Amino acid sequence: MLHAFWDWTKFGLGFGLVCLVAGLVVTLPLLLFKPLRERFSRSKFDVETIGAIALVIALLAIGLYNHFGANGV
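Sequence positions in the sequence shown follow the working numbering and run 2 to 74.
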């Protein structure tokens, strides 16, 4: 039982880190670089929307990888 819990914890930690990195990769350039920040401030999107879209894409990519990687396709 401890082994199953440890495997679940490792997967959850890795999954959380991948989602965090995906969000940071998308949102940090918008906040750190002045030309991107100026262009972003003129757009109709906010940081939360762009971050949420990035996380959905990361979740979809991870899910597809797990599905097709587990089946050996």
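Honestly, the hints are just simulated from the structure, not real lab data.
All values reported here derive from a predicted model rather than from experimental measurement.
Backbone N, C-alpha and C fix where the C-beta goes; we use that ideal spot for every residue, glycine too.
Treat the hints with care, since some could be wrong.
Quick list of simulated restraints, FRET-style, between CB atoms [what the hints assert, rightly or not]:
#1 W7 / S44: 38 to 46 angstroms
#2 R43 / F69: 21 to 29 angstroms
#3 I63 / P36: 27 to 35 angstroms
#4 S42 / D8: 38 to 46 angstroms
#5 H68 / L3: 38 to 46 angstroms
#6 P36 / A5: 28 to 36 angstroms
#7 R43 / L18: 29 to 37 angstroms
#8 F34 / L61: 48 to 56 angstroms
#9 G15 / G52: 18 to 26 angstroms
#10 L33 / H4: 38 to 46 angstroms
#11 L37 / V57: 29 to 37 angstroms
So, going through the hints one by one against the coordinates:
1. W7 / S44: 38 to 46 angstroms: holds, 44 angstroms
2. R43 / F69: 21 to 29 angstroms: For R43 and F69 the Cβ distance comes to about 40 angstroms; the hint is violated.
3. I63 / P36: 27 to 35 angstroms: This hint holds: roughly 31 angstroms between Cβ atoms.
4. S42 / D8: 38 to 46 angstroms: Because 44 angstroms falls inside the window, the suggested range holds.
5. H68 / L3: 38 to 46 angstroms: For L3 against H68, whose Cβ atoms are near 28 angstroms apart, the range 38 to 46 angstroms is violated.
6. P36 / A5: 28 to 36 angstroms: violated, 49 angstroms
7. R43 / L18: 29 to 37 angstroms: holds, 33 angstroms
8. F34 / L61: 48 to 56 angstroms: At 27 angstroms between Cβs, range violated.
9. G15 / G52: 18 to 26 angstroms: Between G15 and G52, where Cβ atoms are some 20 angstroms apart, the hint holds.
10. L33 / H4: 38 to 46 angstroms: holds, 42 angstroms
11. L37 / V57: 29 to 37 angstroms: Since the Cβ atoms of L37 and V57 sit about 21 angstroms apart, the hinted range of 29 to 37 angstroms is violated.
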